[in-house]
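Since the structure of chain A is provided, determine the placement of chains B, C and D on it from the hints.
Next come the chains, spelled out residue by residue.
Protein chains: 4
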Amino acid sequence: MILILKPDATEDQVQHVVARAEEMGFQTHLSRGTFRTIVGLIGNEEKLQAIPLTAIPGVAQVVPVMSPYKLASLDAHPQPSVVRVGRVPVGGGNLAMIAGPCAIESLEQMRTIAAAVKKAGANILRGGAYKPRTSPYSFQGLGEDGLKILREVGDEFDLPVVTEVTDPRCVERVDQYADLLQVGARNMQNFVLLSEVGQAEHPVLLKRGMSATVDDVLMSAEYVLSQGNSNVILCERGVKSFDKATRNLFDVAAVAAVQRLSHLPIIVDPSHATGRPDLIPACAFAGIAVGADGVHIEVHHCPEEAKSDGPQALLPEQYSELVDRIRELASLMGRRIPTADGEVA
Amino acid sequence: MILILKPDATEDQVQHVVARAEEMGFQTHLSRGTFRTIVGLIGNEEKLQAIPLTAIPGVAQVVPVMSPYKLASLDAHPQPSVVRVGRVPVGGGNLAMIAGPCAIESLEQMRTIAAAVKKAGANILRGGAYKPRTSPYSFQGLGEDGLKILREVGDEFDLPVVTEVTDPRCVERVDQYADLLQVGARNMQNFVLLSEVGQAEHPVLLKRGMSATVDDVLMSAEYVLSQGNSNVILCERGVKSFDKATRNLFDVAAVAAVQRLSHLPIIVDPSHATGRPDLIPACAFAGIAVGADGVHIEVHHCPEEAKSDGPQALLPEQYSELVDRIRELASLMGRRIPTADGEVA
Amino acid sequence: MILILKPDATEDQVQHVVARAEEMGFQTHLSRGTFRTIVGLIGNEEKLQAIPLTAIPGVAQVVPVMSPYKLASLDAHPQPSVVRVGRVPVGGGNLAMIAGPCAIESLEQMRTIAAAVKKAGANILRGGAYKPRTSPYSFQGLGEDGLKILREVGDEFDLPVVTEVTDPRCVERVDQYADLLQVGARNMQNFVLLSEVGQAEHPVLLKRGMSATVDDVLMSAEYVLSQGNSNVILCERGVKSFDKATRNLFDVAAVAAVQRLSHLPIIVDPSHATGRPDLIPACAFAGIAVGADGVHIEVHHCPEEAKSDGPQALLPEQYSELVDRIRELASLMGRRIPTADGEVA
Amino acid sequence: MILILKPDATEDQVQHVVARAEEMGFQTHLSRGTFRTIVGLIGNEEKLQAIPLTAIPGVAQVVPVMSPYKLASLDAHPQPSVVRVGRVPVGGGNLAMIAGPCAIESLEQMRTIAAAVKKAGANILRGGAYKPRTSPYSFQGLGEDGLKILREVGDEFDLPVVTEVTDPRCVERVDQYADLLQVGARNMQNFVLLSEVGQAEHPVLLKRGMSATVDDVLMSAEYVLSQGNSNVILCERGVKSFDKATRNLFDVAAVAAVQRLSHLPIIVDPSHATGRPDLIPACAFAGIAVGADGVHIEVHHCPEEAKSDGPQALLPEQYSELVDRIRELASLMGRRIPTADGEVA
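Chains A, B, C and D supply the protein sequences, listed in that same order. If you count by numbering that gives the first Met the number 0, then the first sequence holds residues 0 to 344, one letter each, in order. If you count by numbering that gives the first Met the number 0, then the second sequence holds residues 0 to 344, one letter each, in order. If you count by numbering that gives the first Met the number 0, then the third sequence holds residues 0 to 344, one letter each, in order. If you count by numbering that gives the first Met the number 0, then the fourth sequence holds residues 0 to 344, one letter each, in order.
Treat each hint with caution, since some may be false.
Note that the list lumps identical chains together, so a pair holds whenever it fits in one copy or between two copies.
Claimed, not checked - DSS-like, lysine-lysine: derived pairs with alpha carbons at most 25 angstroms apart:
hint, residue 1, residue 2
1, Lys-5, Lys-243
2, Lys-117, Lys-147
3, Lys-243, Lys-69
4, Lys-5, Lys-46
5, Lys-118, Lys-147
6, Lys-5, Lys-69
If you are wondering where the hints come from, they were derived from the structure by calculation, not from laboratory data.
Okay, chain A solo, but in the shape it has when bound:
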């Protein structure tokens, strides 16, 4: 930690800063420049993160030297982690191909879509049972009935399943039905929920919040990891922007940035990132090309009748064509799509 003092910091203030630092067990290192005095603090920086250093009189700026997360960082785990979802390995060159409708609407609907995406090459089935909707008057999901349908269809088609959990009181229940627990963008800093999924048995799919920085995402992952659940997959799904050309702004560089800081797998969600089916394939390719560990795509056999997010869903035949092209691209980039059985060609 480096403290840059104010240009007009008095000698008393300098001494007070040094005294406070040493009181906390740090070695200090004073450097008096032409215009400013700088205090280097040597010791365990984590302890300092709890101290309001900029509130100490005379301190202008605090420059952290270490990252604020540790379990999520490459320092803790220099090799890319491989997270298993059912039998499917994700990360380390293995791509998660997550597909399915936004919301679980009926057994029939899920069977139709599961059959199609399995055939296309998806290895994880998605479907929402608890839907976080901006309007209280919109369809809120089928709840536990939806979970049962998802599990049944996952078993029938031999696909591991992922579904969102929005309520800390439901984590245990969702953990019984699902192979992967999704925490949505709006809940990325719902720390109560993060702590709860940190105690779940199954891995967690953590979506980036709409205005979360790369560091914020990794701090949220740290919440889950610090509770003992070491299986976290991150997901870039677009951030808020001034441009309404796309629903969100797909931050493809964040995938590469995360991979230089963390060992956790990170996938992309071009469905939410763009909100436009006509751009989804191109953005899925971009995600694979940049190095993402998988692609999350919403697929519906009849978007105009979907109960949620229909306008951004791909049709099964569009998805199938997309997977074929992703397979080629992945192969060129030295990666592969495991089957739902976890077989890696």
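Quick look at chains B, C and D alone, frame taken from chain A:
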């Protein structure tokens, strides 16, 4: 609702759109322009919000004509609402002066600060018992012990109290201790929590999310209102920005924009909006001048020892001077600061 | 300047960094922490700004200690500057009340509006002769004919005049007609234009760019100042945002932030910041309350026939009422509106 | 154009709107809904763009039906345009590989870099002679001497050259030396400059502004096209963001969005988009995968001595490796890299 069709929409698609709309009980109104066909749908727009209209082939754009919230809108309640927090009226010209530390640290600390802010003219005492911290390694609050301290100190100094609730499982407990339940920025779209506080006995202080639009805030308020709790106070606390000169970007115009759409009181929080004590007074004045129904400010008697957000707290004497000036400004603008007893001079 | 080295910087790299710094005439100060080595550079920081320090192998981060501008900073001039526009003092408690239409359309139009805003209490008349329009097919302004009208009407009503200059080739011409040269938001980093107005005789009104940080604005002011023109007035006019509730996001805190860094006067432009006449008065009050040195407002006697930006103009009678209230508010805040003759009541 | 009237619009206002529209030569189409009246205007929408429709009393919202640009749109030219830079075709499956230093520093430097990038496979050489720097104290470029060096080196290595023009007074001069004229991000809405390059002989490389929407970019291109220069190449180079993990936010989806609206080629610039050499290759791949028509990359043989933007430059050997991989990827995506002679393998 207006549907703008694609330039190349076929006659079949036009007929399909009309048929779908009439099937849902709407009258349609077709307008064929030089380059585009437009379909006006006449009827209850709410029903349409659930339908993925842009997923219908041939539809390019959907233009809603009504706002998606109703209980929160001026249509439902054309006069400004007055929400009572303890005996303090908020709204309709009455200003909430909320002050206190970020986190409740001890009985002693709360007594010191409560005495000071009461004397300065604050009419509501704040203090956090459950702290949503970005790092799992930071101080997380005293929990129920904190709530007890807050209640005790509020009673001693005859100040109604506000504290944040972060967990739907704690809403009932917090509702027993507090006079006003805060939903924080990071939980503004935690719809599970919103539904729960919608069933609480006490009013709700709903802070704007970091990348929430004015419409998003009002939709979140609608969640609370739709559960039966009609007492919601909104709070502008800055949004995410590219400029790090201030912690967030204080969106003072949003206060005025909300007041032209909704009857709910809206206050400002210059502490979180700026993160800089040197800018808090100026921004508090701006908030009052723009028409806000109150000011939320963090006050600590020893910021450098505060366990949370110390660097952005005002000292009690700074707060006292600020309230004096706010009182004058409010008076010029035709508004007033009620006492904690609810007396309006 | 502080260089934070990478965790894995080799001893050779450390020595290379030190050697490079000393070669440039700096004293170095090495601080080896538990995890990182830090190099403090003591000497004239300006010289370092030209050197790509982060390109030196082993360097992770460069932390500047001084601000990159000097003439614009409070260090260079600790008291607020007062800039004279015609005979009107701006800054140091004196408010610029700039009003007029977006575009100069005719002599008749300018006379009508000038008479009205003068009577209302405006002390500077605005009008655009060269309009930077996003569409090449929109009205581009009357050019030099417009300048002549503006000058004539300014003289007739004894109001100093401000108009935008967009082309470095026109600076000399505009300087002959106008009392204040405006550089618009879209040209805030048009450094060629900045250099040119830096050589003009009259003062410059520099509007903040749509995604310019406070530091960016001050660097652009530095361009003008460094050419010898020491009379610069800044203007906050809203930045780009994800929320379309207002045309731009009015960054009222930036006014206070600038005043803690620079001696230059800074005014607000609620017309462009909000784009909504119904919010302009409230945001003008907020600007005055936060400490701005004036208000720029677009006024048109017939907005629906205006050739540019009609939808955001106030009517003359609305403007008149607004000035009355601003006068009261300014007086409470210890500031005042000089007359166009420069008289300060 | 569709006008949505206010809920409380009077019958007089409705009639005034209709009268105004018909006066301008439009057919109107009135649709009275349950809550709102809507007026469709049928006719040439371009004429309406000049009219401040929202300033007409009773009008709440104006919904345009056509895009505001025409020469840039796919309607005007349904097939992708191919722009020739020297002999190199860009667009329609042909990739521009633009490489070189940020600033031209000397003949020696340019010869070294040109030799390396030519060998690596670049087909256009870049170098800045006029540098738009945020600080007036930074290196501003060699000016015309730089242009001469660039031309000489381009001729020696048989590479067409691109350089930035920042001043309308220099367009003619730059047009004499360069094969492609760059308009930088900060000048994207410098309409005076756009008009000037619209009259140049050579094609224009138009970089997206830091907070420009996709529509803004296309409107700026329209400025150039409307002056008669039909050869415009667009360039996505990142937009402003709240996250400092990368210098800007690389908006890869914008490439795909532009291609669905316009026939103009669009390339990506991962150097400026990320500002981080370690992320440049991954983002270049993403750009190619999403469908970009080329890649602009800064290359310097000694970044730590570069006079501008050294920290974001690739080394020649890194660039060479990158081009090899881009070639493979392009081939998979059905595209190709022409040689500098314009040969397409």
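Against the structure, the hints come out as follows:
In the homo-oligomer, the alpha carbons of Lys-5 and Lys-243 lie at most 25 angstroms apart only across protomers (18 angstroms), although the nearest pairing inside one protomer, at 42 angstroms, exceeds that limit. Proximity of Lys-117 to Lys-147 under the C-alpha cut-off of 25 angstroms is restricted to the intra-copy arrangement: shortest distance 19 angstroms within a copy versus 55 angstroms between copies. With identical chains, the CA atoms of Lys-243 and Lys-69 are at most 25 angstroms apart between copies only, with a shortest distance of 20 angstroms across copies and 36 angstroms within one. With identical chains, the CA atoms of Lys-5 and Lys-46 are at most 25 angstroms apart both within one copy (23 angstroms) and between copies (21 angstroms).
In this assembly of identical chains, Lys-118 and Lys-147 lie within 25 angstroms of each other by CA distance solely inside one copy; the values are 22 angstroms within and 58 angstroms between copies. For a Cα distance limit of 25 angstroms, the shortest separation of Lys-5 from Lys-69 across copies, 17 angstroms, qualifies, whereas the shortest one inside one copy, 31 angstroms, does not.
In this structure, every one of the numbered hints holds.
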